[in-house]
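As given, the protein sequences belong to chains S and A, one line each in that order. Counting in the numbering used here, the first sequence runs from 1 upward without gaps. Counting in the numbering used here, the second sequence runs from 123 upward without gaps.
Everything labelled a hint here was simulated from the structure, so no lab data went into it. There's no promise every hint is true.
[As the list claims (entries may be wrong)] Here are a few chain A residues that sit away from chain S, every Cβ distance over 10 Å (derived from the structure):
no.: 1; residue: D131
no.: 2; residue: A152
no.: 3; residue: S156
no.: 4; residue: L160
no.: 5; residue: E161
no.: 6; residue: R191
no.: 7; residue: L198
no.: 8; residue: R228
no.: 9; residue: E250
[Said to hold, decoys possible] As a list, the in silico DSBU-like pairs of lysine-lysine whose alpha-carbon atoms are at most 35 Å apart:
no.: 10; chain 1: A; residue 1: K129; chain 2: A; residue 2: K204
no.: 11; chain 1: A; residue 1: K129; chain 2: A; residue 2: K254
no.: 12; chain 1: S; residue 1: K89; chain 2: A; residue 2: K251
no.: 13; chain 1: A; residue 1: K265; chain 2: A; residue 2: K251
no.: 14; chain 1: A; residue 1: K265; chain 2: A; residue 2: K129
no.: 15; chain 1: A; residue 1: K204; chain 2: A; residue 2: K254
no.: 16; chain 1: A; residue 1: K265; chain 2: S; residue 2: K3
no.: 17; chain 1: S; residue 1: K98; chain 2: S; residue 2: K3
no.: 18; chain 1: A; residue 1: K265; chain 2: S; residue 2: K98
no.: 19; chain 1: A; residue 1: K204; chain 2: S; residue 2: K3
no.: 20; chain 1: S; residue 1: K89; chain 2: A; residue 2: K265
no.: 21; chain 1: S; residue 1: K89; chain 2: S; residue 2: K3
Beta carbons: idealized from backbone N, C-alpha and C, even for Gly.
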Amino acid sequence: MTKMMIVDDSMVIRGRIERLCADARLPDLRVVGLAADGAQAVAIAQRERPDLVTMDLTMPNMDGEQCIEALAGLLPETRILVVSALNDKLTALRAIGKGAHGFLHKPFNDDQLVEAMRELMP
Amino acid sequence: MSYRTLKSDDIEVFSEAIGHFFATVTEERANVRSAYLLEQPEPIVWGDFNGVITVDGGYVGSLTFSAPRALLSHVLLHMGEKQLSDEHHRDVVGEIANTLSGWTRRHFGEGLRISPPRAFGGRSQSVEKLAKSAPYAIPLRWKHYEANLVVHLDVVG
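Okay, chain S solo, but in the shape it has when bound (with noise of 0.2 Å):
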């Protein structure tokens, strides 16, 4: 069983992702939590220890790449799927050296989120 928790600050890309990880094409998923921003992301982490992350970058209160930092000195065996807008090379280096492991460009369709999710699942 792959544990995963989705953090974006839309609830209406929450309820997306959130419906895709039903997909048959990902089996064994279980979200065990949903955070609106990098601070409620951390304390779910702690609590749930996810084994798959979705991230946003632009969100109120610890935006991602902090959020990337601090979850991957806290659960190093996570692995995180950057979900952002920012389309630029520079931001997806940093995500990637703070420790996020894929980087998927908003607007996305299912298709791309769930073979992006598959590629990263253990």
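Take the given structure of chain S and dock chain A to it, following the hints.
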């Protein structure tokens, strides 16, 4: 500190962002029309819902996506969302503004620093005038709905 206005290729990338968003999320292209300068100095809102992104860094100003409720309802349904409350419409209009803004960083680079979105219904709030130049409106038609992206940005330096 000096400011300059956007060039035509800067504006074009916002039109491309709109086209890419609707094609990817709904698999139905939007008809993006020519951008034009608004006569009034501050950005205007004219949709049922408005999503605003504030920009700083190498640029200063705002981006406002304004759309009618029905357009946003259709986009929500395309995303698999069955709840169509006001809160969901505010959320998705903010997310569209965020996505369009972020996508243009492929052109502007990370100097275009964008805020989390602020969203509101109708004319219940206004958009602060942050740029000195005149705002551009980029009208679009998707299905039979009309919406607008208002780009009000100055380049710093």
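| task | Determine which of the earlier numbered hints do not hold for this structure and return their numbers in increasing order. | result | Result: hints 7, 8, 10, 15, 16, 18 break, sorted rising.
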